[in-house]
Amino acid sequence: MFRKIARVATLSVALVVAVTVPPHAQEQKGALVFAVESLGAQTLDPILEGRPGNAVYQAVMYDSLVGFDLEKGGVGPGVAERWELAPDGLAWTFYLRPGQTFHNGDKLTAHDVKFSLERQMGPNSLASAAASMRRTIKSIEVIEDLTVRVQTTSPQIGLPAGLSRAVAPEGAIMPKAYIERVGEEEFRKKPIGSGPWKFVRNVPGDRIEFTAVTTPHWRGRPQFKDLTILLVPEESTRVAMVRTGEAAIASIGPETMLGATRAGLEVLSVPGTMQAVFQFWGTYKPEVKDSPIAKVRVRQALSLAIDRQQVIEHVMNGKARRPHPFATFAYTDYFSADRWKKWADEAYRYDPVLAKKILAEEGYPNGFELKFANTALPGTQFMVNIGTAVADMWTKIGIKVTLKHYEWGSFAPLERNQGPLIGWASMYRTAGRPDAPWRYDGAFSPESIQRLLGDTDNCQEACQEYVKTARALGSELDKTKRTALTDRMVEVTANTWTVVPILEGMGYYAINTKQVGQFDAIAGRHELGDVFERIPRPEQKPWKK
Amino acid sequence: MKRYIARRLMQGVVLLCMVGTIVFFLGRLTGNPVDLMMPEDATAEDRAALIQTLGLDGPILDQFAIFVGRAIQGDLGTSIRMRQPAVEAFFDRLPNTLVLLPWAILLAMLLGIPLGVVAAVNRGSFLDRAAGTVAVLGIAMPSFWLGILLIFVFSVELGWLPSGRMGGPAHYVLPVITLAAFLVAGFMRITRSAMLEVMESEFVKLARIKGLSEGVVIWKHCLRNALIPVLTLWGVFIGNLITGAIVTETVFAWPGIGRLTYEAVIYRDFPLLQAVIILKSILILSINLGVDILYAYVDPRIRLA
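First to last, the protein sequences are chains A and B. When we follow my numbering, the leftmost residue of the first sequence carries the number 1265, and every step to the right adds one. When we follow my numbering, the leftmost residue of the second sequence carries the number 282, and every step to the right adds one.
I should point out that these hints are in silico values taken from the structure, not numbers from a laboratory. Being a predicted model, the structure only gives us computed values, none of them experimental. Be aware that a few hints might be false.
As the list claims (entries may be wrong) - Below, computed lysine to any residue pairings styled on SDA-like, alpha-carbon distance capped at 20 Å:
1) A:K1635 - A:K1660
2) A:K1745 - A:Q1292
3) B:K283 - B:G571
4) A:K1454 - B:R364
5) A:K1453 - B:D373
6) A:K1668 - B:G312
7) A:K1402 - B:G312
8) A:K1454 - B:E326
9) B:K501 - B:V402
10) A:K1489 - A:G1353
11) A:K1453 - B:T359
Only chain B is shown next, with the shape it has when bound in the complex:
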């Protein structure tokens, strides 16, 4: 197991280097932050002076060398727009995103897993098709559209919930639903597939022969085994949530890392963009590694393999 973790960590480091390099050069292909900071009648002299002040005047390879040198020491630069260390800006906003994720995952599991079970048990029936429709809708509905729709119905028309921003428990409801919608489909589909496979297993047949009630067979024996592949998807889903939060946080004016990413892109804030992408990658890699280790413990077959 130790060798496995060490290998995964090494892979992670290589991946991070690649991500950092790609983001550095791709970001610079999209323009210059100074163009977005200067008014349209700015003189070439003022523009050149600002480029120099921001340290964007050197050759790109020199800038890359400086970036790498500092990144190795844990310094991912200073946000061009906010004049704040980019890492600090990321960690200021990270908790705001993290408070949304567990609720979104929980809601998605509470809806997606029972739907998957019902669909599997009633394979080919109306219920299966209805659950499939829910899954397709969840995947097909763009988050920004769903978010705006929810705001219109529950905030504007019914007046039950606030339209956006961070605040008390009521402020969480619509962003969590929006984030969870996509995952419901994912949980439902993977649970359904896993359940169908498990329901054909010998031990399930044995349980039925032993006279266990259908409820116990399905919800206790089948579901418990079907949840193992669901667990592996956690890492993927959390990654989806972190990246999907860009849209949800923008629609709901939620000051998390999703919005920070959006702002970094819009303002061509290269240091912030690099920091956000690299730190998000570390976050997702860590979660995936954690989930894989957990999976290995849950399913001894993985360990043996």
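Chain A extracted, bound-state conformation:
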């Protein structure tokens, strides 16, 4: 009788365990190997790395004050589970998740947040927003162990977004006590973070190794035991490594997608990671007054001449989308995305007949000469092909395009000095980020580097309207009014046809399905640094055939 009871009890416990604990949930095994084209500065100190490097490999071991909305993309909870703006708009209070620890066991507290932000703003920081942070952040106060307040010099509505890895790397949280104890040099050699992966080894020019934390983590407990991020600059080699199983995942460009698929690899496309655009430089300048591109309708005609679907199909192998207006995406904050999608579908249509008609009406029935600078930011070589396709399409409506190709490092000084680019069109790109005002400021503010609508000496109607809207947006605390102002900002600039989106691009990865299970990336986030912990092993979630 006793045996029978024991047997039934054992079976019941086994049944309960089997039902409540999914298979393999407790196991962490195997190595996840990821091959990437660049490891940036390949340093594990967040103040020495830029955005892409931070997102690829630093995100693996550091958490960010503000994180991601994993469903929609864009900003969501991170180390702080919530945050609120003071009624006067001059302070943000961040409330941290309880129970977070660094890899050495130290508790993650508001003191670490204050220390990390101040370190990012410090004189030795190479953070791209260090100077802006110094100007806009007045002080950082620890209210209590899990509450920190950031006082700003003026209303900074976009501050949480700026401290989210969805936008920038400056929100990475570092261990105050550890760095103060061992010093910066030692911290760089043996870095400690609070993310789901712990640092193991950094081999310059070759790889960075991590191992999974064994305790639960709010970002997810890794299914693999180890993670190795390999630096493999050549794309063909990366794909070969995935084919042979030397790597499980490799970043690829759209031009490699077909080959990877034919070779039996799975191709993962991450939506909304960038926008390819063309833009016109200095159209408001007196010296461009008589140029065709000084006319809004001519610029619109050039947009109508572009068959975006053809570019998507043939340059991007079908893995791209028709765009929203400039620098906006489905996940853009405070923005009427659906309304603008409908607008963009109509406005960015292909209508070469209308394009030619507009040109004729504007006095250019036989087209005109246009200088077009084709360039691509690092890691987006396909942009050159898009630029070439666009030039061809303009040629078809009679534009005599002089196409000049620039390597990005050579193009950037032209952009800054502007002189050589005035009166030109060029290719450009915008990264997928949820905060449109930041990017708009970089393109349209009269003080910005690009200053596409006007400069401080010459700010005409559209420029003035943009400045007025952007200023109002910067201090608007009400969410509904903020959305209306963002929409207005988009409307003002879109109607100038100064920066015109061509397509919304994606991030692409070749995957060996025998090495990793099915997973999704985060919309708008090209890099996988915040995704590795959610990648299952192949037996846990096989890819659909």
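Following the hints, complete the assembly by docking chain B onto the known chain A.
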């Protein structure tokens, strides 16, 4: 000989000064590293602050003066990207390249010299033309193409060898073949020319008259003398290997100084680029000097001249 070495050393110093100056100014003509470090929506304020932090804000001649002053003391600056002393970064990666070179040279000699001998002995025949074809292919095939082709065949299709990265002996095979391919042609052509010249020599005719077998005449007497000009090419070939390693190391994800050079150029990492080029120049100059001294010892005619 001492005067010869001293003169060569002086020439080397002058050359290094010229290389350093050219790299300093040419590098800066290609753009600014800050443009590659900042996101596209960076403000002018953030950009200016980063330029200042990196010490790139002064007039270019002032920067050059600082560079020269520090270089004289052996400090070639700190890598902008890695925040590590540039010399240290170079020497961290140098061993990874050096382990490839002897194998590439050895393989090239093992293939190139016998091919050159066979071509010379069978001058004008099918074998000569076949060896010539090998030489042309070796020179004409771009390293990146050959490397990718080898990866496709031996890693992806046959699964015999790894696709890239440093590791055990198997990891060396494809990079070494890729590096050696260019040299095979060089060794073959110089051996062939030297052999043809030596084979017309009086002492070779004498050896044949004495009744020595053709094998001994060719492989012992002719080849030994023909190898002297081959030796002089060592310096050139090692220089080619060190510079050619940029492509091979990039294709095979090999973390050597070739890749470091590539990264320095791509990221406009001026201090690192300057250090890499200057240190590579020192390396190549030293090897060339060593080879020339060795050559002088091997061939007394050089010493007398």
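Just pull the numbers of the violated hints for me, sorted ascending. Structure breaks hints 2, 7, 8 and 10.
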